[in-house]
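*Asks:* Residue 1 is where the sequence shown starts when you use UniProt numbering, and the numbers rise one by one after that.
Fair warning: there could be bad hints in the mix.
[What the hints assert, rightly or not] Taking CB as the label site, the calculated pair distances span:
{"no.": "1", "residue 1": "D33", "residue 2": "D93", "range": "29 to 39 Å"}
{"no.": "2", "residue 1": "L2", "residue 2": "A52", "range": "14 to 24 Å"}
{"no.": "3", "residue 1": "T65", "residue 2": "P95", "range": "38 to 48 Å"}
{"no.": "4", "residue 1": "L2", "residue 2": "G61", "range": "32 to 42 Å"}
{"no.": "5", "residue 1": "T96", "residue 2": "K63", "range": "36 to 46 Å"}
{"no.": "6", "residue 1": "G61", "residue 2": "R25", "range": "28 to 38 Å"}
{"no.": "7", "residue 1": "Q103", "residue 2": "T65", "range": "17 to 27 Å"}
{"no.": "8", "residue 1": "P60", "residue 2": "Q103", "range": "25 to 35 Å"}
{"no.": "9", "residue 1": "P95", "residue 2": "K45", "range": "17 to 27 Å"}
{"no.": "10", "residue 1": "D33", "residue 2": "T65", "range": "22 to 32 Å"}
[Claimed, not checked] For lysine-lysine, the following DSBU-like pairs were computed, each having C-alpha atoms within a straight-line distance of at most 30 Å:
{"no.": "11", "residue 1": "K78", "residue 2": "K102"}
{"no.": "12", "residue 1": "K102", "residue 2": "K12"}
{"no.": "13", "residue 1": "K12", "residue 2": "K78"}
{"no.": "14", "residue 1": "K12", "residue 2": "K63"}
{"no.": "15", "residue 1": "K45", "residue 2": "K71"}
{"no.": "16", "residue 1": "K71", "residue 2": "K102"}
{"no.": "17", "residue 1": "K45", "residue 2": "K78"}
{"no.": "18", "residue 1": "K71", "residue 2": "K12"}
{"no.": "19", "residue 1": "K78", "residue 2": "K63"}
{"no.": "20", "residue 1": "K102", "residue 2": "K45"}
Keep in mind that the hints were calculated from the coordinates and are not lab data. Keep in mind the model is a prediction, meaning the values are calculated, not measured. Beta carbons: idealized from backbone N, C-alpha and C, even for Gly.
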Amino acid sequence: MLYVGGCLDLSKGPQVLHVPDMAGRYYSVQFTDPSDGTNFAYVGKRTTGTEAGDYLMSGPGWKGTVPQGMKQIASPNKSVLVIGRVFVESDSDLPTAYGLAKQIQLTPLSH
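Work out the full structure: start from the sequences and follow the hints.
*Replies:* The structure is reproduced here in C-alpha cells:
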C-alpha cells in the first residue's frame with residue numbers, strides 16, 4: 001500500500017479533490033476531523049468507484065454553489081486530515097501506483 005496525506009485549512013474557502021481513473025485498482029481517500037479523530041467521509045473504490053472524479057471539500061457554513069460535475073463533501077471542521085492509499089500489487093507495480101498517487105490532487109476552488 002502506498003500512502004499520501006496532508007492537512008487542509010478550509011478557513012479561506014473550499015478545496016477540490018481530483019482523483020484519476022484508477023482502472024479498477026483499490027484506493028481510498030479518508031477525511032478525518034483532527035479535533036476528535038472522527039472519519040467523516042471517504043472517496044475510493046468501495047464508496048465512489050474507480051472512475052476519475054472531482055469532489056468539493058467545503059468547511060462549516062460555506063454557502064457557495066457546487067460546480068457542475070462535482071460532488072460536495074461537507075466537513076464538520078475547517079481543518080481536515082486527509083489520508084490517501086493506493087494499492088501496490090508488487091515491486092514492479094510501484095511506478096504505476098506512484099504515478100496514480102501523484103495524480104490525486106487538492107487545489108483551492110478559487111483557482
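*Asks:* Could you run down the list of hints and mark each one as holding or not?
*Replies:* Hint check:
no.: 1; hint: D33 x D93: 29 to 39 Å; result: holds, 33 Å
no.: 2; hint: L2 x A52: 14 to 24 Å; result: holds, 18 Å
no.: 3; hint: T65 x P95: 38 to 48 Å; result: holds, 39 Å
no.: 4; hint: L2 x G61: 32 to 42 Å; result: holds, 35 Å
no.: 5; hint: T96 x K63: 36 to 46 Å; result: holds, 41 Å
no.: 6; hint: G61 x R25: 28 to 38 Å; result: holds, 36 Å
no.: 7; hint: Q103 x T65: 17 to 27 Å; result: holds, 26 Å
no.: 8; hint: P60 x Q103: 25 to 35 Å; result: holds, 29 Å
no.: 9; hint: P95 x K45: 17 to 27 Å; result: holds, 20 Å
no.: 10; hint: D33 x T65: 22 to 32 Å; result: holds, 24 Å
no.: 11; hint: K78 x K102; result: holds, 24 Å
no.: 12; hint: K102 x K12; result: holds, 24 Å
no.: 13; hint: K12 x K78; result: holds, 9 Å
no.: 14; hint: K12 x K63; result: holds, 13 Å
no.: 15; hint: K45 x K71; result: holds, 16 Å
no.: 16; hint: K71 x K102; result: holds, 21 Å
no.: 17; hint: K45 x K78; result: holds, 26 Å
no.: 18; hint: K71 x K12; result: holds, 19 Å
no.: 19; hint: K78 x K63; result: holds, 14 Å
no.: 20; hint: K102 x K45; result: holds, 17 Å
The structure is consistent with each of the numbered hints, conforming to all of them.
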